[in-house]
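Chemist: Going down the list, the protein sequences come from chains A and B. Under my numbering, the letters of the first sequence match residues 7 to 129, in that order. Under my numbering, the letters of the second sequence match residues 12 to 642, in that order.
Each hint should be verified, as a subset may be incorrect.
[As the list claims (entries may be wrong)] Below are the EDC-like pairs computed for lysine to aspartate or glutamate, each with C-alpha atoms no more than 16 Å apart in a straight line:
1. A:Lys58 x B:Asp596
2. B:Lys514 x A:Asp29
3. A:Lys62 x B:Glu603
[Stated by the list, open to error] Covered stretches of chain A, going by a simulated chain B footprint (3 or more residues, C-beta under 8 Å):
4. 39–50
5. 80–90
6. 93–106
[Stated by the list, open to error] Computed list of chain A residues with no C-beta within reach of chain B, every gap over 12 Å:
7. Asp29
8. Ser54
9. Ile63
10. Lys67
11. Leu68
12. Asn70
13. Ile77
Derived by calculation from the structure, the hints in this document are not laboratory data. Just so we're clear, the structure is a prediction, and the values are computed from it rather than from any experiment. We put the beta carbon where it would ideally sit given N, CA and C, even for glycine.
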Amino acid sequence: MKKIFLTFFFINIFLSSVSLADDKQAIDIYKKIRCLVCQGQSLHDSNSDFAKDLKKIIKEKLDNKETDQQIYNYLTSRYGDWILLDTPVKQSTLLLWFIPIIVLIVGIIILFKRTVFEKSKLS
Amino acid sequence: MISSFGYYSLLTATLLSLLEIITYIKNYNQKNYVAHQFIFYKFSFYFIIISFILLIISFANSDFSIISVYENSHTAKPLFYKIAATWGNHEGSILLFILVISAYGYCFIISKRKIDNHLKATVVFIQNILLIIFLFFLLFTSNPFEKILPIPNEGLGLNPILQDPLLVIHPPFLYLGYVGFSLIFSLTLAALINNQFNIDWSKLAKNWIFLPWTFLTVGIGLGSFWAYYELGWGGYWFWDPVENASLMPWIAATALIHSVLVMEKTGKLFSWTAILALLTFILSLFGTFLVRSGVLNSVHAFANDPERGLYILIIISLLAFVSLSLFIIKIPKQTNENHFTFLSRENVIVINNYFLIFFLTVVIIGTTYPILLAAIVGKSISVGPQYYNSILAPFVFIFLLLMATGPFMKWKQSAFFYYKNIFISFLLLSVFIVTTLAVLLQQFNPLFLLGILTSCYLIISTFVDIFYKKNFKLIVTNLSRFFSHLGFAILILSITLNYFFSKELTTNIKLGENIAFDQFSIQFKDSKTKNESNYQELFGTFNIKNENMLIELHPSIRKYIQPSQFTSETSIKNNGMSDYYMAMDYSSVQSEGIGIRFYYNYFIRGIWLSFILITLGGCISFYTRRYDNKI
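Model the full structure from these sequences, guided by the hints.
Modeler: Structure (structure tokens):
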């Protein structure tokens, strides 16, 4: 689900004008990083000194042609998973991602069992 | 003096509530219970009002002999905010919480509707128990009238971001909403205890759901609007845990509104409705816990204290345990089986209920998972907007289609094929609109197309539902559904448009500098300072050029004197449904110029419009159902 969404998202970014691609890529990353000195703000929403410094670092890494994943890895190795607003799927977040899916499937089964399929009387 | 009187009023109220409970237990087996007209309960309510008014007076007079006034007020504040500070802190807000519980019980007692005496007495009894639990909580952990010695000369001041006209009315609305669900909680438990949980109950219950639901909608809308213009982040919803805390009971109550309808019309979904009714209030309390306990990292988490959080958690567990046990023991065996004819109206509502529960699960998991993980494993993770957006978005679209379909179905029988042609024509019309929009706006993202398609489909169907079904005559009885469903369609439409066409820029700018991006150019023209009673303000003047349009924005930075803190005030001007939005940031390095955040928020006013429409739907619903059906 998340992958599909992200695929759409990145296709969209790719399709949009190429000249802005760099900037959009950076903003996209800023939005997924928590500003650690703020209360619940993303890096993008913040103008704190911490945010400014970290934005600079990310920008430099992008200029060095590092991939998004490399940047995320760098950030988590320094600050831990807390900094990622865009929660990754990994062992510690398995339930976070799968409980909704389980609820979804169990719900469909219950709904299906409770439904009586009969021919429409009005047709 | 006043503070002592306030405290004794609270003690008196507690005593009176206890007396009411004793009277109830004593008279439980007597038929004519209501003879004494709940006189103790009513007087307890009056004393709670008195103590609340006294607290307001203490805040208005800056009576710093009271700790909560000292900690949250300041003489330099305008009177308006001194009064607002009454519920801008933990103690005062819990008193407001109690006032709302008490007021709902009071309204229930004096409501004109004829209600079975025994049921009425039991409802008031349970409401009273809730009241006492929270009165004890207030008196023992958060006495708003607690004194301080020696008396300080000056207060510590209120958090500046709370000094806002909207925040004066936002918390009361929110409380009237989610604390208001206490009555439906009591009503459910009382009906279960008395074996009166039946179709008549569902007719009575409906009103007591619509009222708090409408208040909560207004509360959430105001909160969202406040976050939009006050926080200066350009957004209207951040999936912040505290926002989620208010959304959880709202989703549960929305599901409840619909399941009660199925219960009333078909005599099914008894246990499901009971569970939702109990869950709604439990989730409201859970929200209170999240906000008050300090377990959250949130812009909203002010005034918190782990010890108090523990008490709230104990109260929640207790209420959840007792209500669940009562539910299991007393839920009536149903005469009708819970099976639904495929594509009947109740079936569509049940499917929608299922989606709502799915949304609710996602919000609950997303909010609590990081807290639990940190508590159990000691790992801290963040769950940001991306989690909610990616999981919820695809299902919201299906949800919209069902919302459009339900009203055309018939109760207890499948009528889909009867209306087949109508559905196909809606679909064709929506596809036409989407294609036109996509070509005009040059946007072909599948999520965009789906969002517009489904919301257009719902908008068309709501209009047909209200006008066409009876030969172009307005169907007045469906007006509430018309407004709330239309509102929801416009909400999703606006969110989609806003998501895909908004523009934003965060940068530093020097005086006189001109920055161009996309189709905009931003010029920093001027800056000046101004002194107010409780803050200094630095205004900037910016010229925004969008093709041929010229707009002037005046964002500012405030330096509050007490507490010493900076806030940035946004400047917003609209062009039709879209907003030009700008906020400035305090920068410690002067040579870099000033930090600005500029947002072009496409179609954002549609979101506020949708809140108004949904609220209107709730109001109409409450108004038209006031007197129908007696129990």
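Chemist: Each hint needs a verdict: does it hold in this structure or not?
Modeler: Results for each hint:
no., hint, result
1, A:Lys58 x B:Asp596, "holds, 12 Å"
2, B:Lys514 x A:Asp29, "holds, 12 Å"
3, A:Lys62 x B:Glu603, "holds, 14 Å"
4, 39–50, "holds (count 6)"
5, 80–90, "holds (count 5)"
6, 93–106, "holds (count 7)"
7, Asp29, "violated, 9 Å"
8, Ser54, "violated, 8 Å"
9, Ile63, "holds, 16 Å"
10, Lys67, "holds, 18 Å"
11, Leu68, "holds, 16 Å"
12, Asn70, "holds, 22 Å"
13, Ile77, "holds, 16 Å"
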